[in-house]
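Given chain A, work out where chain B should sit, using these hints.
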Amino acid sequence: MKKFKEKLSGRIFFIFALSSISVLALITVFIIVKGAPIIAKVGFFNFVFGMKWSPSQGEFGIFPMIIGSVSVTLGAAALGVPIGICCSIFLAEFAPAKMREFFRPAIQLLAGIPSVVYGFWGLLFIVPFIRNFFGGPGLSILAGAIILAIMTLPTIISISEVSLLALPRQYKEGALALGLNHWQTIWSVLLPAAKSGIVAAVILGIGRAVGETMAVIMVLGNAVAVPLSILDPVRTLTTNIGIEMGYASGEHQQALFATGIVLFVIIMLLNSFAQYITRKR
Amino acid sequence: MKININSKLMTQDSKPGLPSSPSGSPLDSRQSVKIKTDRLSLHYGSFQALKDISFDIPKCAITAIIGPSGCGKSTLLRVFNRMNDLIPGVRVEGKVTLDDLSIYEKTVDVVSLRKRVGMVFQKPNPFPMSIFDNIAIGPKSYGIKDKQELNNIVRWSLTQVALWNDLKDNLKKSSLDLSPEQQQRLCIARTLAGEPEVILFDESCSALDPEATMKIEELMVDLAKKYTIIIVTHNMEQALRVSDMAAFMMIEEDKAGRLVEYEKTNIMFSNPKDKRTEDYITGRFG
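Sequence order for the protein chains is A and B.
Okay, so the first sequence: first residue is 139 according to this note's numbering, each after it adds one.
Okay, so the second sequence: first residue is 730 according to this note's numbering, each after it adds one.
So here's chain A without its partners, still in its complex pose (with noise of 0.2 Å):
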């Protein structure tokens, strides 16, 4: 009887467990199902790389929104891993107790705040203040970029921070025996030996700020081009699908899913980079 118990509360949990599994794939499923009848009609090469976006002359080219998607997504990076890295560093290493733990849960709460309120307010003040200070329309990269990076600190930097305090005392007691000073110690002992962790942080962050959609369709100005400057606005393909789906019909719609498929693509192959770098230690 008890082990019967025993293996049906096991059985349980693996129900449970599966339903979770189960909605990726049937996700995955209905996504492909959806879109790839579009990939094929057009062909790959000109879906991915054309660079005409028309859905009611039937034309279909998302480039210049992946392009939006790169740039938006390296100017969060320029932007967001050297302060995350340099404020994980810091909570590391500098910080006086009391203050991390002031910080800690601060900068979690950074990752609570709903992700259209970060893009309220970079409509309300961050475009204003590019378009007073830059130029431009101020919808823009580096209006979109501004705000991913703030969105992908609290990542960058609670996974850095946990590389760095993971590593044995061992290696920084060597180093300061050494004759290192503090800073050297970091830069050339602790820095090196948590590498993995911190990539594995800085790409789970970029992974965050390619899906990002809600903070950065109010502020990116979405007009379907191929920017020439930072100030120029952008579509990502996060916020074509977020603009469009509400009234996209037919081969529309299925275009849209089609897109849904490449964002699926390029965020599973950064995860799975990510996953490798950290295993391989």
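Simulated from the structure, these hints should not be mistaken for laboratory data.
Since the structure is predicted, the reported quantities are computational estimates derived from the model, not experimental observations.
Treat the hints with care, since some could be wrong.
[What the hints assert, rightly or not] The following residues of chain B were derived to be distant from chain A, with all beta-carbon distances above 12 Å:
id : residue
1  : Lys-869
2  : Lys-901
3  : Pro-1001
[What the hints assert, rightly or not] Restricting the straight-line Cα-Cα distance to at most 20 Å, the calculated cross-link-like pairs of lysine to aspartate or glutamate (EDC-like) are:
id : chain 1 : residue 1 : chain 2 : residue 2
4  : B       : Lys-869   : A       : Glu-144
5  : A       : Lys-333   : B       : Asp-906
6  : B       : Lys-835   : B       : Asp-767
7  : B       : Lys-852   : A       : Glu-239
We put the CB at the ideal spot given by N, CA and C, even for glycine.
Leaving out everything else, chain B in the frame of chain A:
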């Protein structure tokens, strides 16, 4: 633990037995003092770990600090390169001098002190990088950029610890792939690359097997020709085999470590003055 008196006599053969000077210091007048502590006390917050320790450590010799677990041996060792500074709430009283430098003065640069006083730890702690980088990291951070000079330093350091012939073709290999003994040798080489004057060994053989221990001990004896060496060990035979001077420490009721007896190793082990020293080295406690 049983001490083999014969083996002691054999190891001490090479060192001329010299009588203690009458001044109270067990050092001979011919031996110059490298490190001197004068009424050294150390507190962790409200806890006193070391009390009133005064002794002179001779230059180019091996001094062993022995005593039961928790008596403050490692704490005392870490006074000499100020590694205790890493622990919040540490307070040091009294005076510690390295040659003429009082190392706890406010004006002392801890980083350059640690270049003069190197340390080898209990567990081999090579950095997770190549063998070459492990050794070059010190000199690089002291400002040596010339590739040829770094090559020479790496070669010289590895030769000192008898690793050069085994590793010269694998300098790019990760240090973590080495055996524990080789790792500990690498750590010693890394310390030598900084050209220290004093080397502290904190139970540096306790993670090694007996054969590797013997080899590291031979290396220590060899290094003592040029460097002042201080070791902490809980292994009586080891203290007897390698050290010239022995300092026996114990805690009393207040839990603070004190220096009970400081003597030439052969004298302490054959004729301890203090009853507690005798009890400890003959294995009656500890």
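Hints, verified against the model:
{"no.": "1", "hint": "Lys-869", "in the structure": "7 Å, violated"}
{"no.": "2", "hint": "Lys-901", "in the structure": "15 Å, holds"}
{"no.": "3", "hint": "Pro-1001", "in the structure": "33 Å, holds"}
{"no.": "4", "hint": "B:Lys-869 x A:Glu-144", "in the structure": "61 Å, violated"}
{"no.": "5", "hint": "A:Lys-333 x B:Asp-906", "in the structure": "19 Å, holds"}
{"no.": "6", "hint": "B:Lys-835 x B:Asp-767", "in the structure": "17 Å, holds"}
{"no.": "7", "hint": "B:Lys-852 x A:Glu-239", "in the structure": "32 Å, violated"}
When the structure is compared with the earlier hints, violations turn up for hints 1, 4 and 7 and for no others.
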